[in-house]
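These protein sequence lines are chains W and B, in that order.
Sequential numbering from 7 applies to the first sequence in the working numbering.
Sequential numbering from 121 applies to the second sequence in the working numbering.
Hints listed in this document are in silico derivations from the structure and should not be mistaken for laboratory results.
Mixed in with the good hints, there may be bad ones.
Chain W regions said to be covered by chain B (calculated; three or more residues, Cβ under 8 Å) [said to hold, decoys possible]:
no. : stretch
1   : 49 to 55
2   : 181 to 195
Below, a sample of chain B positions facing chain W; criterion: calculated Cβ distance under 7 Å [what the hints assert, rightly or not]:
no. : residue
3   : A122
4   : N168
5   : T197
6   : L199
7   : K225
In silico DSBU-like pairs for lysine-lysine, Cα to Cα no more than 35 Å straight-line [said to hold, decoys possible]:
no. : chain 1 : residue 1 : chain 2 : residue 2
8   : W       : K424      : W       : K123
9   : B       : K143      : B       : K210
10  : W       : K231      : B       : K143
11  : W       : K168      : B       : K238
12  : W       : K168      : W       : K419
13  : W       : K504      : W       : K609
14  : W       : K452      : W       : K419
15  : W       : K231      : B       : K163
16  : W       : K504      : W       : K665
17  : W       : K231      : B       : K210
18  : B       : K163      : W       : K325
19  : W       : K168      : B       : K237
20  : W       : K496      : W       : K484
21  : W       : K648      : W       : K419
22  : W       : K488      : W       : K419
23  : W       : K594      : W       : K609
24  : W       : K594      : W       : K496
25  : W       : K424      : W       : K609
26  : W       : K484      : W       : K405
27  : W       : K488      : W       : K409
28  : W       : K405      : W       : K496
29  : W       : K325      : B       : K143
30  : B       : K186      : B       : K210
31  : W       : K673      : W       : K625
32  : W       : K123      : B       : K186
33  : W       : K424      : W       : K665
34  : W       : K484      : W       : K625
35  : B       : K163      : B       : K143
36  : B       : K143      : B       : K237
37  : W       : K405      : W       : K325
38  : W       : K231      : B       : K237
39  : B       : K238      : W       : K231
40  : B       : K163      : W       : K168
The model shown is predicted, which means the values in this text are computed figures rather than measured ones.
By construction, the Cβ of each residue, glycine as well, lies at the ideal position given by its N, Cα and C atoms.
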Amino acid sequence: MSIDMAQFHQVFFEESFEGLDLMENGLLSMNPGEADAEEINSIFRAAHSIKGGSGTFGFSQVSDFTHVMETLLDEMRDGRRTVSSEGINVLLASVDVLRDMLTAAQEGGEADEARVKASRTELERVLANQGVVDAEPGETAAAPPEVASADAPETFEPVGWKIVFRPHQHLLRTGNDPLRIIRELSSLGEVDVDCDISALPDIHHIDPEDSYLSWDLRLNAAVDKSQIDEIFEWVEDDCDFAVIPILPEGFEAQADVAMPAQSDVASHEEASGATLTSQPDLKVAPPPQERRKQGDRRKSASAKKANSGASSVRVDTGKIDSLINMVGELVITQSMLGLLGEDFSMDKLPRLREGLGQLERHTRELQESVMQIRMLPISFTFSRFPRLVHDLSQKLGKKIELKLSGENTELDKTVIEKIGDPLVHLVRNSVDHGIELPDERVQAGKTETGTVHLSAEHRGGNIVIEITDDGKGLARDKILGKAIDRGLVKEDDNLTDKQIYELIFQPGFSTAEQVSDVSGRGVGMDVVRRNINELGGSIEIDSEIGKGSTITIRLPLTLAILDGQTVSIGEETYIVPLVSIIESIQVKDNMLNLVAGRGETFKLRDEYLPIVRLHEVFKVENPNATDIHDGIIVVVEAGGSKCGLFVDNLLGQQQVVIKSLEANYGKVEGVSGATILGDGSVALILDIPGMMRLASELGSRSGKLAMTA
Amino acid sequence: MAASILAVDDSASMRQMVSFTLKGAGYEVVEASDGVEALNIAKTRSVNLVITDVNMPNMDGITLIKELRGLSSYRFTPLLMLTTESGAEKKQQGKAAGATGWIVKPFNPEQLLNTVKKVIS
Numbered sequence: 007m008s009i010d011m012a013q014f015h016q017v018f019f020e021e022s023f024e025g026l027d028l029m030e031n032g033l034l035s036m037n038p039g040e041a042d043a044e045e046i047n048s049i050f051r052a053a054h055s056i057k058g059g060s061g062t063f064g065f066s067q068v069s070d071f072t073h074v075m076e077t078l079l080d081e082m083r084d085g086r087r088t089v090s091s092e093g094i095n096v097l098l099a100s101v102d103v104l105r106d107m108l109t110a111a112q113e114g115g116e117a118d119e120a121r122v123k124a125s126r127t128e129l130e131r132v133l134a135n136q137g138v139v140d141a142e143p144g145e146t147a148a149a150p151p152e153v154a155s156a157d158a159p160e161t162f163e164p165v166g167w168k169i170v171f172r173p174h175q176h177l178l179r180t181g182n183d184p185l186r187i188i189r190e191l192s193s194l195g196e197v198d199v200d201c202d203i204s205a206l207p208d209i210h211h212i213d214p215e216d217s218y219l220s221w222d223l224r225l226n227a228a229v230d231k232s233q234i235d236e237i238f239e240w241v242e243d244d245c246d247f248a249v250i251p252i253l254p255e256g257f258e259a260q261a262d263v264a265m266p267a268q269s270d271v272a273s274h275e276e277a278s279g280a281t282l283t284s285q286p287d288l289k290v291a292p293p294p295q296e297r298r299k300q301g302d303r304r305k306s307a308s309a310k311k312a313n314s315g316a317s318s319v320r321v322d323t324g325k326i327d328s329l330i331n332m333v334g335e336l337v338i339t340q341s342m343l344g345l346l347g348e349d350f351s352m353d354k355l356p357r358l359r360e361g362l363g364q365l366e367r368h369t370r371e372l373q374e375s376v377m378q379i380r381m382l383p384i385s386f387t388f389s390r391f392p393r394l395v396h397d398l399s400q401k402l403g404k405k406i407e408l409k410l411s412g413e414n415t416e417l418d419k420t421v422i423e424k425i426g427d428p429l430v431h432l433v434r435n436s437v438d439h440g441i442e443l444p445d446e447r448v449q450a451g452k453t454e455t456g457t458v459h460l461s462a463e464h465r466g467g468n469i470v471i472e473i474t475d476d477g478k479g480l481a482r483d484k485i486l487g488k489a490i491d492r493g494l495v496k497e498d499d500n501l502t503d504k505q506i507y508e509l510i511f512q513p514g515f516s517t518a519e520q521v522s523d524v525s526g527r528g529v530g531m532d533v534v535r536r537n538i539n540e541l542g543g544s545i546e547i548d549s550e551i552g553k554g555s556t557i558t559i560r561l562p563l564t565l566a567i568l569d570g571q572t573v574s575i576g577e578e579t580y581i582v583p584l585v586s587i588i589e590s591i592q593v594k595d596n597m598l599n600l601v602a603g604r605g606e607t608f609k610l611r612d613e614y615l616p617i618v619r620l621h622e623v624f625k626v627e628n629p630n631a632t633d634i635h636d637g638i639i640v641v642v643e644a645g646g647s648k649c650g651l652f653v654d655n656l657l658g659q660q661q662v663v664i665k666s667l668e669a670n671y672g673k674v675e676g677v678s679g680a681t682i683l684g685d686g687s688v689a690l691i692l693d694i695p696g697m698m699r700l701a702s703e704l705g706s707r708s709g710k711l712a713m714t715a
Numbered sequence: 121m122a123a124s125i126l127a128v129d130d131s132a133s134m135r136q137m138v139s140f141t142l143k144g145a146g147y148e149v150v151e152a153s154d155g156v157e158a159l160n161i162a163k164t165r166s167v168n169l170v171i172t173d174v175n176m177p178n179m180d181g182i183t184l185i186k187e188l189r190g191l192s193s194y195r196f197t198p199l200l201m202l203t204t205e206s207g208a209e210k211k212q213q214g215k216a217a218g219a220t221g222w223i224v225k226p227f228n229p230e231q232l233l234n235t236v237k238k239v240i241s
């Protein structure tokens, strides 16, 4: 019977990647010198499982490589090797390599051989080094020697075998049965059985659980001795056992009893298991720093691939059950409405209303539940950061503690996948540019170890992710200086601090003194903002020089559905994303102002904000209000700036399903998508950052950034 | 009546493969993911054979075998360990705990079935 092993592969890969995460976390939390036995044991078990599974399912390269890791871990858990930071680092690197190998295996590709080889060499080097407790001298054992078999002279093939089999008294208690063994022997050929009952006590003294019988067996088959040994392998220690070849007529039978030299074999196997051949003539592996950098890039590349390829989600069966219940309710409501509709009369109207109300409730419940399924805890994204911060801070010679909170906060699967890279960039910035070197920190009166705090929480229908560091903060003046140099702002433009910090989101902007390979090339922040905007979110930065910085990212709970404010302009309906709205007001005379070079503005508390006349922007025919006093201004905010959108009327708030305009028509500036309203008409969804740009263009023809006073 | 087998391994993919293979050959299979679970199952029912991995959380395979031998209904039940090739001392430990024999990992379904046939007749 042949079984298709491929059906087990997916589960194997999933549990192996989980095992790798476990190993990585375990290794990161280990302190050199101290060995928490259970911690090392669980890391060992993870490696052991991966080795076993990969061997079983045919991924022999993976199995071989994992074997080396397992050997090192085995020594550590047994206490035969002290846990050194070198060992930990080499193991961490090998976890990366193994992750790549598994990813390659999953995708049917090939892992980077050179990298695998290099990592393996490192592992073997550590294994061969001092640091081995109770090292036995001359441990470089090669493959275990052949089992000595004192056999008949090799030139003459035996025609059969005589086997003496004397089970020890306790043999039955091992769960073995002489009968089964003899039966198995007979599968090799004809067996003459002669039973020796001489050791059998009288009936009163027989213990039925003991074995008293012995056998002289004669196997009349020219088989290999190893086949016989195999049959008796399990009971070797529980019996007296001898295999004597029966030679063809005319030859003297060997009187030597061919007992396998057990104790020798056992100790040899042990010895060679503990060490591997050191390979002194292998070329020196590239320096760890370099390799780790390669590793990082490769990791993010393959992580990206894994992210886009991963198409399964683990769902709690309880969730599925409640979904099924809800669908059931929906069906009941639907059939009730159907029945009503068949023979409808106006006096049934209240029941119709009730039914429709139920429909709305059930649909909403179902919608929320289904969206829940696509929600994953953000820990999936956060999990890579301990390693990242650890490696990076080591590389830069800084001491940094990473705090995570709100890992259980759930967001849509797609959002989680896409927020990863931007977060990595931001955390790297904090580590690279934010947190100072230990000496600098002490001089500044801070603790030697800096803190980076990554947190996530639900706040008012959104997810808010914050990255806070207690580093040196943003260099406000430097940023302003650079912006002036680049002509982004004029010297007398009087920007608030917050607006100055916003400048770093401009493309190509970086005030880093030296561009390190970690960050500072200035290609990051604008891409980060764009990615976050694409997710329907926003990013802000706040900082206090000398104290630290906080980056706040706001994301919608889901990509497909938006909470929006419907507004009307003429006959048209537009949607303004609720997340961007600060407030809506009706303008009074004394609030308006026509500022030279800035266009129309209105005063909101202490600020003058530009007005965007949507009926002009969208060239709406017959708007109801052209005079500012007749309409409503919706004050919106994006990227630290605010403006007012001038509309006819507010219609109401509702959830809308976002349909892509780009996919169905084309990209339109200022519009992020469209939706179909209940009455079948199409409403365009406004893109608020786009609106901001329009506001600044309208306000200043000279290309200045139109900012508030 | 079909022979029953208790398969113990903390790796879900291994359990699946073993279970699938054995069920396909007509055996009844009960699964457990570690020694504690397995022991609890064993206390409530008997099986014809136990196959267990060695490295598992909560209770490892060798301890499980020792515990099983302490149950009156399991004193003579074949108990097999899944072990890797370099674990000679594990085999010894297993035997000392009362194991019947072992299956060497990695193994394929055919090897598994052949070994099982050896102990369940």
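ask   = Can you give the numbers of the hints that this structure goes against, from lowest to highest?
value = 3, 4, 12, 14, 15, 22, 25, 28, 32, 34, 37, 40
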